[in-house]
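Asks: Just so you know, the protein sequences line up as chains S and P, in that order. Residue 70 in our numbering is what sits at position 70 of the first sequence, and the numbering runs on without skipping anything. Numbers in our numbering are just positions in the second sequence, counted from 1, shifted up by 171.
Keep in mind the hints are simulated off the structure, nothing from the lab. Only a predicted model underlies this, so the values are computations on that prediction, with no experimental measurement involved. Built from N, CA and C at the ideal position, the CB exists for glycine as well. One thing to keep in mind: the hints can contain errors.
What the hints assert, rightly or not - Heads up, incomplete: computed chain S residues facing chain P, CB under 10 Å, no partners named:
hint: 1; residue: 25
hint: 2; residue: 127
hint: 3; residue: 128
As the list claims (entries may be wrong) - PhoX-like mimics (lysine-lysine), calculated; alpha carbons at most 25 Å apart, straight line:
hint: 4; chain 1: P; residue 1: 374; chain 2: S; residue 2: 12
hint: 5; chain 1: S; residue 1: 72; chain 2: P; residue 2: 474
hint: 6; chain 1: S; residue 1: 72; chain 2: P; residue 2: 480
hint: 7; chain 1: S; residue 1: 40; chain 2: P; residue 2: 317
hint: 8; chain 1: P; residue 1: 374; chain 2: S; residue 2: 27
hint: 9; chain 1: S; residue 1: 97; chain 2: S; residue 2: 163
hint: 10; chain 1: P; residue 1: 507; chain 2: S; residue 2: 72
hint: 11; chain 1: S; residue 1: 38; chain 2: P; residue 2: 317
hint: 12; chain 1: S; residue 1: 27; chain 2: P; residue 2: 364
hint: 13; chain 1: S; residue 1: 13; chain 2: P; residue 2: 433
hint: 14; chain 1: P; residue 1: 480; chain 2: S; residue 2: 40
hint: 15; chain 1: S; residue 1: 101; chain 2: P; residue 2: 474
hint: 16; chain 1: P; residue 1: 354; chain 2: S; residue 2: 38
hint: 17; chain 1: S; residue 1: 12; chain 2: P; residue 2: 433
hint: 18; chain 1: P; residue 1: 374; chain 2: S; residue 2: 13
hint: 19; chain 1: P; residue 1: 433; chain 2: S; residue 2: 27
hint: 20; chain 1: S; residue 1: 50; chain 2: P; residue 2: 317
hint: 21; chain 1: S; residue 1: 72; chain 2: P; residue 2: 506
hint: 22; chain 1: P; residue 1: 430; chain 2: S; residue 2: 40
hint: 23; chain 1: P; residue 1: 354; chain 2: S; residue 2: 55
hint: 24; chain 1: S; residue 1: 13; chain 2: P; residue 2: 430
hint: 25; chain 1: P; residue 1: 230; chain 2: S; residue 2: 116
hint: 26; chain 1: S; residue 1: 38; chain 2: P; residue 2: 364
What the hints assert, rightly or not - Every beta carbon over 10 Å from chain P, so not counted as near; a handful from chain S, in silico:
hint: 27; residue: 10
hint: 28; residue: 15
hint: 29; residue: 46
hint: 30; residue: 48
hint: 31; residue: 89
hint: 32; residue: 145
hint: 33; residue: 157
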Amino acid sequence: MTTQTDGQLTVKKYFTNIWDAVSSISKGMAITMGYVLKEKEVTLQYPEEKETLPKGTRMRLYNDVDDCIGCKACATACPVGCITIATEKRAVDAPEKKSSKGTAIKFDLTQYTIDKALCCFCGNCTTVCPTECLFHTTEFEYSTYNVQDLKIDYLSDEARSWKEKALKDRL
Amino acid sequence: MSVEFIGNDEKIKSELLTVNMGPQHPATHGVLRVEIKTDSEIVAEAIPHIGYLHRCMEKHCENADYRAIVPFVDRMDYLASMNMELGYAITIEKLASIAVPRRAEVIRVLVSELQRIASHLVAFGTYGIDIGAFTPFLYAFDQREKIISFFESISGGRLLYNYISIGGVSRDVSNDLIVGLEKFCAGFEDQLKMYDTLLTQNKIFIERTANVGVMDKDYCYDYGITGPVLRGAGVEWDLRKKKPYSIYNEFNFEVAVGKGLKGCVGDCWDRYYVRMVEMEQSVKIIKQALVKLREEGGEFTTKVPRVIKVPVGEIYMRTECPKGELGYHIISDGKKGPYRFKVKSPCFTNVSALGEIAPGMMIADLVATIGSLDIVLGEVDR
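Based on the sequences and whatever the hints tell you, model everything.
Replies: Structure (structure tokens):
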């Protein structure tokens, strides 16, 4: 279906073509040269320099387990099913515990694990969380040598130690 | 079709050489494999093979609930996630009769037009690389970065946003960001003029694209081609104008149509040029949307129950995406997820037209044609 409608190539046309090509390229080169002289360097030398991510960027999830009421809304909302929660009913005579929003905590967490290798970073779990204890942080440097290490247990001491830094990223 | 062999001498046996272009080839824009039967430089037959990026997306969606589908539709056309979300959201809203606040509608138009620019910038930049001009790509990505960082601050993601939710949008746009966008719009119009001198009017670029890969009107109708490829063939068909969805009927813009300025109507240059004009028109829409956004107060989303109740029924809705018409066919049986989820992908129909147009072309022209179709394999295979 390719059609050529160029017509006969005359001597005049031959030279106009060359002139057109040279002039249009030099116009383009002028723009590029302008950039070379005007524009500043934009490359960040990554490990030394770091970009500050805007608040609310969806990176590693953090769950404040002391505030979690164990409602399992996040696990239900997750499209890939990477959140595992196990709860135990609080004893009747145990002291009353409330979340930061005033909801009574009736279940104790025995397990709260998120498989970050499976997670698709969509943020559906954070929008359904009633106490807003589950949220994304701007922490993105957590690669590991073993894929099993990406299963984060939020009840562990290591995950609890992220709390102070993580709370700054909460929207 | 008949193929003329170079060697007519009976002693020299000549046959067609089969070459696989792709799935790992920079010019196929992803994992498209084109099986080419070549007679020296001339393509005798080209068969596009797809399916290298098939992720069972439709089946996944049938097993998820209506809210959890949004991240999946994001991953179809990963260069235009916002438009994918918009199409899905308005489909479900129509089926479940959910009203959307006006501010949310304005934000939706704003983000989907920004996304259209971002998608066309990738098309423009990579098309330059296909033809042999590397520099425009860098300038295009410089501008795209500004759009992406805007999306990053409103949604939290750089590529897969999950921003447009059923019933509205997930976060509000602050006034600081509106000021930033106004600055971007003013700067981007100068950039578009620069692209014009840099690539559009470049003689070598015109020689490579004009009169190449011509798809005329009838050919496009036969294959069901939509989007910039159809408009490049001179057909004024844009769903935003012809069958307005969301609040597009309130915006003033023109539909870009290929006129055959450098060659004949429907060649690669026309398809490319339609995208450039569309970016210009999108800036126009964004400017109007920003004015509206300053005026409109109120909520950015309606209260939607955690599990959305969708009545039994069937719906087909289509929207104008950067690559063409995207349709969602959803059958609901009243449960928490759809019974059947089918996507009509624009890129799939566009790539299917490649086989008939290719014979008789040079291999380099085939590269130019694939680039001008602007396909994304995530959407072709789903």
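Asks: It remains to establish, for every hint, whether it holds in the given structure.
Replies: Outcome of the hint check:
Interface hint at residue 25 of chain S: satisfied, since its Cβ lies 7 Å from the closest Cβ of chain P, which is below the 10 Å cut-off. At a threshold of 10 Å, the smallest CB-CB gap from residue 127 of chain S to chain P is about 7 Å, leaving the interface hint in force. For residue 128 of chain S, the suggested interface contact is upheld, since its CB lies about 6 Å from the closest CB of chain P, less than 10 Å. For the hint linking residue 374 of chain P to residue 12 of chain S, the alpha-carbon distance of about 16 Å falls within 25 Å, and the restraint holds.
Between residue 72 of chain S and residue 474 of chain P the CA atoms are separated by roughly 21 Å; this keeps the pair inside 25 Å, and the hint holds. Of the supplied pair hints, the one linking residue 72 of chain S and residue 480 of chain P holds, its CA atoms being roughly 20 Å apart against a limit of 25 Å. With a C-alpha separation of about 16 Å, the suggested pair residue 40 of chain S and residue 317 of chain P falls inside the 25 Å cut-off, and the hint holds. Distance check on the hinted pair: residue 374 of chain P and residue 27 of chain S sit about 11 Å apart at the alpha-carbon level, within 25 Å; holds.
Only pairs whose Cα atoms come within 25 Å are accepted, and residue 97 of chain S paired with residue 163 of chain S is accepted, the gap being roughly 20 Å. With a C-alpha separation of about 17 Å, the suggested pairing of residue 507 of chain P with residue 72 of chain S holds against the 25 Å cut-off. About 19 Å separates the Cα atoms of residue 38 of chain S and residue 317 of chain P, which keeps this hinted pair within 25 Å; it holds. With a CA separation close to 12 Å, the supplied pair residue 27 of chain S and residue 364 of chain P stays within the 25 Å bound.
At most 25 Å may separate the alpha-carbon atoms for a hinted pair to count; residue 13 of chain S and residue 433 of chain P meet this at roughly 15 Å. Restraint check: the Cα-Cα separation between residue 480 of chain P and residue 40 of chain S comes to about 53 Å, which exceeds 25 Å; the hinted pair is violated. Taken as a hint, the residue 101 of chain S and residue 474 of chain P pair is honoured in the structure, with Cα atoms around 20 Å apart against an allowance of 25 Å. At roughly 19 Å between alpha-carbon atoms, residue 354 of chain P and residue 38 of chain S fall within 25 Å of each other, so this suggested pair holds.
Taken as a hint, the residue 12 of chain S and residue 433 of chain P pair is honoured in the structure, with Cα atoms around 19 Å apart against an allowance of 25 Å. For the suggested pair residue 374 of chain P and residue 13 of chain S, the alpha carbons sit about 13 Å apart, so the restraint of at most 25 Å is met. Distance hint between residue 433 of chain P and residue 27 of chain S is fulfilled; the C-alpha atoms sit about 19 Å from each other, no more than 25 Å. About 18 Å separates the Cα atoms of residue 50 of chain S and residue 317 of chain P, which keeps this hinted pair within 25 Å; it holds.
Simply put, residue 72 of chain S and residue 506 of chain P have alpha-carbon atoms about 20 Å apart, close enough for the 25 Å limit, and the pair holds. The straight-line distance between the Cα atoms of residue 430 of chain P and residue 40 of chain S is roughly 39 Å, outside the 25 Å bound, and the hint therefore fails. For the proposed pair residue 354 of chain P and residue 55 of chain S, the alpha carbon gap of about 22 Å is at most 25 Å, so the pair holds. With a C-alpha separation of about 23 Å, the suggested pairing of residue 13 of chain S with residue 430 of chain P holds against the 25 Å cut-off.
Simply put, residue 230 of chain P and residue 116 of chain S have alpha-carbon atoms about 23 Å apart, close enough for the 25 Å limit, and the pair holds. Between residue 38 of chain S and residue 364 of chain P the CA atoms are separated by roughly 18 Å; this keeps the pair inside 25 Å, and the hint holds. The beta carbon of residue 10 of chain S is kept farther than 10 Å from every beta carbon of chain P, the shortest such distance being approximately 17 Å. The beta carbon of residue 15 of chain S is kept farther than 10 Å from every beta carbon of chain P, the shortest such distance being approximately 13 Å.
The claim that residue 46 of chain S lies off the interface holds: its Cβ sits roughly 16 Å from the closest Cβ of chain P, which is beyond the 10 Å cut-off. Annotated as non-interface, residue 48 of chain S keeps its C-beta farther than 10 Å from every C-beta of chain P; the closest such distance is 21 Å. Listed as a non-interface residue, residue 89 of chain S keeps its Cβ farther than 10 Å from every Cβ of chain P; the least gap is roughly 23 Å. For residue 145 of chain S, the requirement that its beta carbon stay farther than 10 Å from each beta carbon of chain P is met, with the minimum near 26 Å.
Every CB of chain P is more than 10 Å from the CB of residue 157 of chain S (nearest about 28 Å), matching its label as outside the interface.
This entry does not satisfy hints 14, 22, going by the numbered hints stated previously.
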